[in-house]
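> Protein chains in written order, with our numbering: chain A, 4 to 243; chain B, 4 to 243.
Hints are not guaranteed to be accurate.
As the list makes no split between identical chains, a pair holds if one copy fits it or if it spans any two.
Computed cross-link-like contacts, DMTMM-like style, restricted to lysine to aspartate or glutamate with a CA-CA straight-line distance of at most 20 Å [claimed, not checked]:
| hint | residue 1 | residue 2 |
| --- | --- | --- |
| 1 | LYS208 | ASP167 |
| 2 | LYS99 | GLU186 |
| 3 | LYS224 | ASP49 |
| 4 | LYS62 | ASP189 |
Honestly, the hints are just simulated from the structure, not real lab data. Since this is a predicted model, take the numbers as computed values, not measurements.
What follows is each chain in one-letter form.
There are 2 protein chains.
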Amino acid sequence: MKRRLLLVSNSTLHGSGYLDHCQQHISSFFGKNVKRVLFVPYALHDRDAYTKTARNKFKTLGYEVDGIHEAADPVEAVRKAEGIFIGGGNTFRLLKSLYDNNVVAEIRKRVMEDGVPYMGSSAGTNVATISINTTNDMPIVFPPTFSAIGLVPFNINPHYLDPDPNSRHMGETREQRITQYHEEPDTPSVLGLREGSLLLVEGNKATLLGSTKARLFTSGKPSVEYDPGSDLSFLLSDAR
Amino acid sequence: MKRRLLLVSNSTLHGSGYLDHCQQHISSFFGKNVKRVLFVPYALHDRDAYTKTARNKFKTLGYEVDGIHEAADPVEAVRKAEGIFIGGGNTFRLLKSLYDNNVVAEIRKRVMEDGVPYMGSSAGTNVATISINTTNDMPIVFPPTFSAIGLVPFNINPHYLDPDPNSRHMGETREQRITQYHEEPDTPSVLGLREGSLLLVEGNKATLLGSTKARLFTSGKPSVEYDPGSDLSFLLSDAR
Ligand SMILES: [Ca+2]
Ligand SMILES: [Ca+2]
């Protein structure tokens, strides 16, 4: 299992610039051997503008960026990629575009079999997991399935948000939403990654990185908090 | 067109009990001729407990409640219904159950052709519209389509929430989410119903009721605020 993943909760932390809060993790994740990163901007409407944003940031870290939408054949672009970064935006739009462009299976193969490093942020983290069932996004388009690339066998909830005791709003809290998910049969664990959190996966080892704790929800069990630095490798084999 | 709809943003307003804030509207909507209301509890996991909650409240208003899940044949229950109330919870679970139980077309027929009054709250309001594309809920199950009962030709966003200028959270605001929806082609208007708002539809007349303004989002146009009492009938013919 050659899998290497950097799954980021959010691309921008309040008060800092695009990917600033995790740039050292990005540099050590892609390392010196990767020169070019294939960027997937499908989650936002303006793919050119989004690719420019990613390109400008990655340039400061020493990497060239190719937008997958700039390639004549997106599957071929995945086949040749040295590294992959899928950015955030709307998860439904992103997943539908991944299927429309026939790249889901090819990305899975490249990451799981060839060890191509995969970085995801927000929606790009959702689609790396078993399914998009725990995205926060609005279902603005209908994808052919909620099953995703499946690089890990559990779910992630990015931008995880604690209940606000002062709120007068009566919509479900994030915890209530995840609890509703776990009322459904055979639903895997959900790792709530607060803004500022990242999960690094290397083969069968998973480590929580970043500046905040993460909260793990498992069906039928009390939820558990994990500090940055925690070993979460058990999630890779024991998702239920 | 006999359609009569009472589309409520939220079942419970902060600081008051279940359906308290709209109980006078409920009484005048179902009136004296309706004796029994068919309740659809599909949006929550515990259908019996949910039906009990609705039954207790409607009893204080003079109506008996039948849970659709208690009927041997849910389609037959819709055929015999004097009035329908679909409660809130998870919109994806609700829509999937409506399709699993084959009641979508029958509810549409009863409301549009026979004039059976339809009340929806939150998720029950989402499914009354053209589609569930503008629900706030988590996609915990995969419905066969996002197309809904289609009693009105536009979308509603229940629990509409204004951006919080003090928030440090970087997830999309509600307005940004609806804007992303309108980046997609041929998307209808979205009526953002704040908590405390209701929309009453009688034939081809639509009136905003309740205690708060509503915000209307139309693709390619600036959004517009409407006061309680506003005539929104134009939405019934001119959804784009
Ligand atoms: Ca998003
Ligand atoms: Ca809900």
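> State for each hint whether it applies.
Verification of the supplied hints:
1. LYS208 x ASP167: Answer is neither: 33 Å inside a copy and 39 Å across each miss the 20 Å cutoff.
2. LYS99 x GLU186: between (26 Å within a copy, 15 Å between copies)
3. LYS224 x ASP49: between (42 Å within a copy, 19 Å between copies)
4. LYS62 x ASP189: Intra 43 Å, inter 37 Å, cutoff 20 Å: neither.
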